[in-house]
Structures are given as C-alpha cells and as structure tokens.
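As a plain string of letters, each chain reads:
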Amino acid sequence: MKNPPFHYHRPATLDEALALLAEFGDDGKILAGGQSLLPVMALRLGPPAHVIDIGTLEELKSIEVSDTAVTIGAMVRHAEAEHSAEVAEYTPLVAAALPHVGHRAIRNRGTVVGSIAHADSAAEMPAVCLATSATMHLASAEGTRNVAAPDFFQGFFTTAIEPNEILTGVSFPAWGPTTSGTVVEVSRRHGDYAMCGVACALDVADNVINGAALAFFSVASTPVRIAEAENVLLGQAPSEATYQAAADVVTDTLEPEGDIHATAAYRLHLAGVLTRRGLAEAHDRIGVPA
Amino acid sequence: MSSATTDRQSSGLGFVGQRVKRVEDERFLVGEGKFIADLNHEGMLHAAFARSPFAHAKINSIDVAAASRLPGVVKVFTGAELNAVTNPFIPFFTVGGLYTPLYSCMSDDRVRHIGDPVALVVAESRYIAEDALELIEVDYEDLEAIGSIDAALKPGRTQLWEKADGNVLGEFTDTFGDVDEAFNQADRVITKTFDCPRQSNQPMETRGIAVVVDPTTGHLDIHSTSQAPHFKKWAIAAMLVKDSTAASLAKFARNSERRSAFLAAAKDFVAANKEKMAQQDNSGMVSQLKKDPSTMLHQLRMGAGLLAADDYPTVMAADIGGAFGSKGPVAREDVAVAAAASELGRSVQWIEDRVENLLDGGQAREERFTMSVAVDNDGMLKGLRVDAVLDQGAYTGFPVAPALIALLWKVYFPGPYNLDAFEITSKIVTTNKGRVVPYRGPWANETWARERMLDLVAAELGLTPVEIRSRNVMREGVSMPDAFITGPTIDETMSVAKTFDRALEMIDFDQLKRDKADAEGRGHRLGLGIASYHEAAPGPPNFFSSVQPGTDLFVYEDGRAEIGTDGTIRMFTSQSPHGQSHQTTYKQVAADEFGVKMEDVEIVWGDTDRTQFSFLGTGGSRGGPMGGGVMRMTARELRQQVEKVAADMLEASVDDIDIIDGNIHVAGVPSRGISYADVAGKVAADRNITDEPAFMEAMKYEGVGNGGWSVATHVAWVDIDLETGEVEIPRYLVVEDCGPIINPGVVDGQVRGGVAQGIGAVFYERTHYDDNANLMSTTYMDYLVPTAMEIPNIEIEHMETLTEGENDARGTGEGGMIGAPAALTNAVSDALGVQVTEQYLPPYRLLELAGVIEPEK
Ligand SMILES: Cc1cc2nc3c(=O)[nH]c(=O)nc-3n(C[C@H](O)[C@H](O)[C@H](O)COP(=O)(O)OP(=O)(O)OC[C@H]3O[C@@H](n4cnc5c(N)ncnc54)[C@H](O)[C@@H]3O)c2cc1C
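Chains as they are written, first to last, in the working numbering: chain A, 1 to 290; chain B, 1 to 857.
Okay, chain A solo, but in the shape it has when bound:
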C-alpha cells in the first residue's frame, strides 16, 4: 500500500497547469484534495506518472455568486462550501449533500469539484449536478468549454473531461424561494458511501408542483435522473400519495446491481423509500431559511 514513483508538479498558474497537462496527456493527473486519488495510487490501481497539484492556484479557490448561478471553483474544499451562506441560500441542494460526503476530516481536504471530476457513481455531488442541471466549466491549453451535467457523466469514473482538461469550476443555478431540495441516502455506517441515495428538488407554488428533480446515486454506473417519475409529480399537489406514485415509477425504472453490502432488490426497494422520504423532506424545506 505504498504508491509507486511519480513526478510531482506544482504549477503556479492555471495556464502552467494546462501546459503540463497538454504535455503529459494520459500520463498526467490533477491532484486536488487527494482524498480519492491518493488511496488509488497507494493501491497501485493505474497510478499516474505525473501528478499535477492544483492546490496553490488562487484562481480556483473562490465561490462566486451571480444572479443566475453559484460557481464553485476547483480548489474549494467540501467544508468551505458546506459552511458557505451563499451556497446554502442559492443552491441549498449542494449544502444538503455535503454533510453526507465522507467524514469531516475528508471534507476538510477533499474538493467539491474533485468529487465531481472523480465521478464515483456512489458519490453525492454528481447526482446533485444532475438534479440541479449544473454546468461544468472545462479548460485546456486550447481554450474553454462548458458541458451540461447530463453529458458530463459517462460511466464508472468516466466523464467528459479530456486528458488535457481541467474542470475549473461548476455552476449551480441559483434557486428562487419556491424551490428547495435535499439529499437522502442509506449507508452502512456514518460517512460511508451510500448503498442508495437520491438528490431531489421540488418547486412548489400555491400547493402545485411546478418543477421536480430526482437524481439517484449508487444505483448504476452514473447518477441517474428519472424524468418519468418527475413528470408524475408535475401539476400535482404535494402529498404522500403523489410521492408514492413517483416512487412506483422509480422502482419500475431502475435496474440496480447487487454487491456485498446491498442486494439488487434491497437497492431498488431503498430507491422507492428514499424517493418518498426525499420528496417530503424537500417540500418541508421550501421557504425555510437554511
């Protein structure tokens, strides 16, 4: 459990970092908080030859708020976002997700964007990206581009990030007062990756659901958003029966696999239960200041 030799680079600017990536291509890897990369290296599971540490890049360390979005930079630690008043106010689903990410010690070093780039199918943040229709900002030596969340997550630990690109930040749409959301999940122990979880959002005005999002994690190779279940909710009054109808669609749609912690049947069952619980909780949070 000791990592193999590698070259360590600490660029002073984003451009330098991008130049290094352009040089090393597949042999280079970005090091953000290291909470996923370092264990992978210690276990010698496809370790990179070049590690490019972006930890000192000031331009990646901010949370920016505009009228329409909250943009979290690549070197914003989980803990910082978790405790940010702006994040809580404008993108409460992100705030709701973060306490579920590992343990406090991990959140002190790990980054929100690193978690999204890593794209563990059991992680919370990728599902939040789907549920909020977040926008991923990518940069390479050749320029920048944006990718929408549904196009970003492509498979187990696989995203739209090209080998020469850095995910510089992620923008979450700012929500109005009629919208809120939550993340509910079941994990074996406190702080473990979930066996099943859902990031859900509801937009409710005058007791009518005008918008809904349900993005599941730990049920497939990527987070999964289920439009059919969301559609069941639209135009309805929030109620246990409505939530159950959505949950029924969820359990008809998903086809999770089993592992040593959860059988397929258990995962599917949890997806239904968590849909109901999550929607009820999301509704309760609307209009409640974070």
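Calculated directly from the structure, the hints in this document are not laboratory data.
Nothing here was measured: the structure is a model prediction, and the numbers come from that model.
Even glycine gets a Cβ: it sits at the ideal position worked out from N, Cα and C.
Relax, there's no trap hidden among the hints.
Partial selection, computed: residues in chain A whose CB lies under 8 Å from chain B: (1) Met1; (2) Pro4; (3) Val186; (4) Arg189; (5) Thr263; (6) Tyr266; (7) His269; (8) Leu270; (9) Val273.
Based on the hints, put chain B with the ligand in the right spot on chain A.
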C-alpha cells in the same frame, strides 16, 4: 468483606478498586508510544511479500530476475529459497482424530488462499520493495477452490492437502451423561442449525516484525507485535534450526555443562509435573503421525537444534496497538522475515499493511452448529446434542490450532444451565481462506448458538426468553451443582443467576411494551434480547484438564520482582499488554502491596531477556487474575523481606512495621520512618553489592479457588427501521460479575470494547469470501469496523461476588464480545418476530428476514 479488601486498606494508599486514570495514556496521546513502525533502527531494510492473487493454484514457475535488478532491492527470496533454510510449522497442539497439515513459511509449489506469500523482497524502503513486487512473474495454474463449509464437507472435491480425508481435517466426539436416555425421556426434541460467517480481528496497529541482526555475533533481536513473545522466541529459534538432528545431538553431547543443566531442569520439570504429564493425552500425536510421520522428524530436528544452539533470539514487544488474539500466533511472515534477516546478516523489518491484514492478519468464527435440544414441555432442559463445523481456512493457526476452539466448545456449550446429558461432535474443515486465529473469546459462538436456541425453544413451548432461562439457570443454594457436566468445578463465582436477576430488575417490561407500540407507529420494530454466559477467567484448577488433559502444564503464571540498590521497585510480567491497561492495574496492585505510590513501581514487560517465560503471554482474560495475582503475591513476599531489614534498622518487631506512601515506620510513629532507598542502601552496603538488586523474589502461581468464573448477562434493545433495515440500539445493558474490581474504568473499557466488537460482528463486519474463495472485503471500504458513531452508550452494572480467597479478581477481557452477538440477535428476533439463525445481519438481510424484500437467490 474479603481479606483482600482489608489488606489493601491497611497497607497504604488503596489504589486497588479505584477508577485510577491509565498511566499509558499520556504517552500515547502525545504521540510518544513506541509501536513497531516507530522503532527506526539504523540501516534497517524493508520487506514486502509477493502474494497470490489466486485462491487455489499450482505454481508452475516464478521469475524474480527483473525484481532483483531493481535499484534499491537487496534480495528477492523465492518461497523455495526461504523454505530451504527454515523448518515447517508442525502442530504444537494435537487432538485425537485430528490431522494438521505441515506447512512452510512460504508457498513454493502451490498457493492455497488469496494472499498466500510466494516471494519476499528485501529493499532499502518499503516503496522500492513494493515496486519490485510488480516485477515478479509467477506462472499460476488455477485449481478448483473450496470456498465454503458446504464445499469442504462435500466428498470428491479438490483437496487442499493430499494426506487429508477430503477437506475434513478432524472430527471428534465427546459425550457427557446418558444422552440417549435424556433424548428418549424428554417431551420434545427441537433441532436447528446456526451459521456464523467469517470475521477478522481488527487491531488498529497491524502486525509487524523488525529483526535486528548483530553483525558480529549474528544474534537476532526480534521486535514484534506479539501477545506471547516467549513463545515466539522459541518457535522462531526452532524454525531457524539448520543442523541435522544427528549433528545437533552430537554437539549437545559434547557440551557437558549444557547437558547436565538440561538434564537437571528436565528432572525438576518431570518431578513437579508428574501427575499432569501422566494425564497427558497422546492420541493426538498418534493421529498426526499416522497421517504424516515426517512430523516426528521435524520435531526431533528442531528439538535437537534448540538443545545445541549457542544463542537464541531475543524477542521484544513494546507498545502494541491491539490484537484481540491475532498476535498470539506465530505467523509465516514472522519466520520468513527472521530467516531473510538471518540469511542476509542484515536487519529487516516488515510492517503489515491493512490490505495484507485483511487477507491474512487473522480471521475467525466461520462456524456452523446444528443443535438438538431435548426438553420437557415445562421448559426444563434435559439433553443437548451439537454438531459443529469450524472452517479453519487453509493453514492451521500456530500454536493455538482451531481445534482448541472445538475443545472449548466441549466444555462451555451447556452454559450456565443444568442439563442431564450433552454430546458434541466437532469437525474441522479446511478451505481456501485466510488463517483462523483466536479472536476475543475464541469459543464465543457456543454462547451465541445456545442463547439463540434457548429463545427458539422457548417460543416453541410458548414460554418467554425470561421464563426458559429462569427455569434452567444454575442458582446458588437451589440448583447449583459442584461441577459442570463437562468437568470443571463450580463455586460461588458461577453467579450468572445473580446477574440475570439483576438485569431483569433493570428492565422495565411495561415501558418495553409501550416502546414497541411506539416503534410500530413509526414503521419500526423494537425488540429486546437477553443472553448470559460464563467464562473461565482463569477458571478452576481442573478447567484446562477438562479441555484437554495435559494442557494445564502450560497455564501457570510466573512472577518476578526486585528492588534495586536505589530502592526502585521493579515488577516483571510475562504478560504482553496490548491495550488492556496492564501497566495501570499492575501498578495499582503492587503499589498497594508495597505501600507506595503507583509511580514508584516500574512494570517491565515484553522483553524475553528481562521477563520470565510464559507460553501464553496475554490471552484468555488472565491478565487480571493470573498476571495480577502473581504480581500481588510476589510483591507481598518482597515486602516481607524489606520489612525484616527495616525492623532491624528501626529496632522494632517486624509485626509493628507499617508502610504508608513509601514511609517505612513503626506503626504509630510515622515521623521516624525510613524509605525503600534507605533499606535497599543498607542491604547493598552490608552485602557490598552495586549492580544487582538488593531484594529479589520469583514465584510460580497457579491461581486460587475452585471457581474463577467471570460471568455476565447482556440485554440489548434493538430498533429496526422496517423500510430501510437501519438499526439503532437505544439501550444496551451489561450486568457483569468479574469479582472484586481492580479498576472500574479499565473493566468498563474492556466491556465496552467487547460489546462494540459484538455489534460489529452482527451488523457491520464480515470477511466476505465468494463461493470461489475470492476475498471481496480487502479494504476498510468493505470490511466495516464500527466507529464511535455506531456504538451506543453501554450501561454497565458491576456485581462483585467476593470469595474468601485472595487474588479474587476475575478476567474481563473477552466477555463483552461473548455476550453481545447473542443478545443482539435475540433482540432482532424479538423485533421482527422471526427466529434468526445467522449471526451477520446487514440492513438488506434484516429486510429479507422481515419479509419486506425478496431474498437473494
Ligand atoms: C473514507 C472516505 C470516505 C469517503 N466518503 C465519501 C462519500 O460518502 N461521498 C463522496 O462523494 N465521497 C466520499 N469520499 C471521497 C471524497 O469526497 C473525495 O474527496 C472526493 O471524491 C474527491 O475530491 P478530491 O479533491 O480529494 O480529489 P482528488 O482525490 O485530488 O482527485 C480525485 C480524482 O479527480 C481528478 N480531479 C480532481 N480535481 C480535478 C479537476 N479540477 N479537474 C480534473 N480532474 C480533477 C483527479 O485527477 C483524480 O482522478 C470519501 C473518501 C474517503 C477517503
């Protein structure tokens, strides 16, 4: 009041019985602990093992050339190279009907489990050593793997060991009372099978060994995370013997001094142990030799080599970050690393990493029990039949073979309940899995299966769990026999009924009813589970001979103490502390005896050059009663020696001498006192000694009384979310009786830690092999040790049954883990209204049992 209590008060400061803070903690908390990886010897080389990725395979070839050429690599040993310079592991412990396959420190022609070591890299750093591992090429040829008890029991499957009968290594039956009669007479017979999957001891510190070679003499200083350093010393010495038997005997014969010393010692030993030796059961050796006569040749060669050796390794255990039994055995890695260092003539260390630890650091408890209970309709138990199977994995643990666990079942299974007859048949099977080691109450599954079965029998008879236990539990003055049907004697320390009654007082059954209704209202189910057990800690004098005649030869405890010429009190223990607070409790005991402060006593442990021999080291909940007992007795003797000299110095009678806070004085005249330093100084001056102690005492201790039972009743409240299978433990109660407590804080800690591991066993921890013996739980992502977040507050009620004997403290290291799985699974059964017959209950399984989801096919 016991005499121990009175003595304590008259002799000084009265530390025993107090919740004294641990003396170990300050050092640990500021990072000053000296664990195996902290030693940092100069010039130390680092070892890493190449391990099999196959569960079962033939090795066609191994190529280490590229690895050997890597800069920084000193040497790559193939398995064959190390096996050529070491002797195999031969059974230390045999049982009639058991065959123990011999094995070497490395595997050279065949691998038998994932993680089986096939080569050893020695390099300048562990990083380089691991780089080299990636360059080793092994050509494996896959064989059918045996991945379960069922597969092992099936005839005609691929055998792990050529000389075995299939994959069953042994089968033994023991019968107590007239079993047929009991079963014929009883109103009913109820039969059920219980399964416990594999778990792993998970100490925070993994295993490790650092072998420091003296370049001029070749002497080995072996630093080791060992619960039993003395045994490790002799085992490694034996396995490193290279000379032939004849050469060693010739050398021994030439050394007349050695020869006569040995013969004299042997004569003394035989004289002292004639009776026990006569009882020794040799049927195990006979079974072994029938299968593998070479066992004897190896034994002779190692024995002769030990007689002839000019030097033996020193083994040193410093601070140890937990073990729970896993560091008692001598492991293959120990021998391989010692051999490598010895061959190279250079110091080498190996620090196990967590993946290795989960592969083969020690596994436990994969066992199956089919129990038949003969019972009358009123709930009175008559007879018990048990068919047990233990999956020992590929290589038999050394020296404590899993067969010993089966023999402990034989003694313990009836529990604290009266029975007319009992029969148990145990099979030991071998599978392509990691090595089974003792794990905190190694036999504990008898308590789990029995206490689960009691609830099940009660349910069939329309009784409550409380009723069936009340009717059958041994009660002093009512139904307490003089001995268990399985042999060991009983005295008032068998106080299970007291703990049971007290536990019942502490349960509010009306409240329970309301809480159950409330839980149902929330979509949850709440249940309560009760379980009782008794443990020989240390047990009566005939305990070990009941387990196996002759084993009592090894279970005494030697004590030694000295007072230096400067008055320093040094107490030597052959215990090897690894989290049990020995240093604190021993200081309490000794300080009280000497009438000094705890910091005035130095405890010496872990170094085989300085401490007295012990086979067992720390294990079996014996640290308090045996280690602490001999500490008290030796201190007392030594104090008497001091008092004699002091009486002369103070011109008083010995009977009038009192010692309070180190002030040795004539009772009533503390102002004219002298110190231990004064007395020691006087002795030194009189005898003109400088570098030897002023006072010395050594003694052998075999325990006291006819009981020595440590007992408890556990009660668990379990709340299950019927939608998610998530579990909460709103209350957990332990009513325990380990006799007079040396330090309640330490006992609480032991109980809590044990219960935490029991909670882990039932709800979180599983060493998960698939049917092809592939290990699925190789990191802490998948082997789930509960954290503080998963462990509830654990209420502990102490009942201190005192006997007339001194040294009445009874062990408490294992009990928490013995009682917890039973209480918890009973509570789950009560909550869900189903009779649970398996020990591992993750959320998905709870929902399957509750009928909420379909079971996996
Ligand atoms: C014990 C433990 C428990 C955990 N539990 C959870 C949990 O419950 N839920 C959860 O979501 N996570 C969990 N994690 C993972 C944790 O959240 C990680 O911090 C996170 O997944 C990765 O963030 P990081 O900044 O540490 O990334 P790193 O480890 O530095 O990098 C991870 C990967 O992403 C790439 N990467 C990182 N940043 C960028 C970027 N800006 N551009 C391109 N590529 C990038 C890296 O090259 C690497 O491949 C756990 C981790 C541990 C150790």
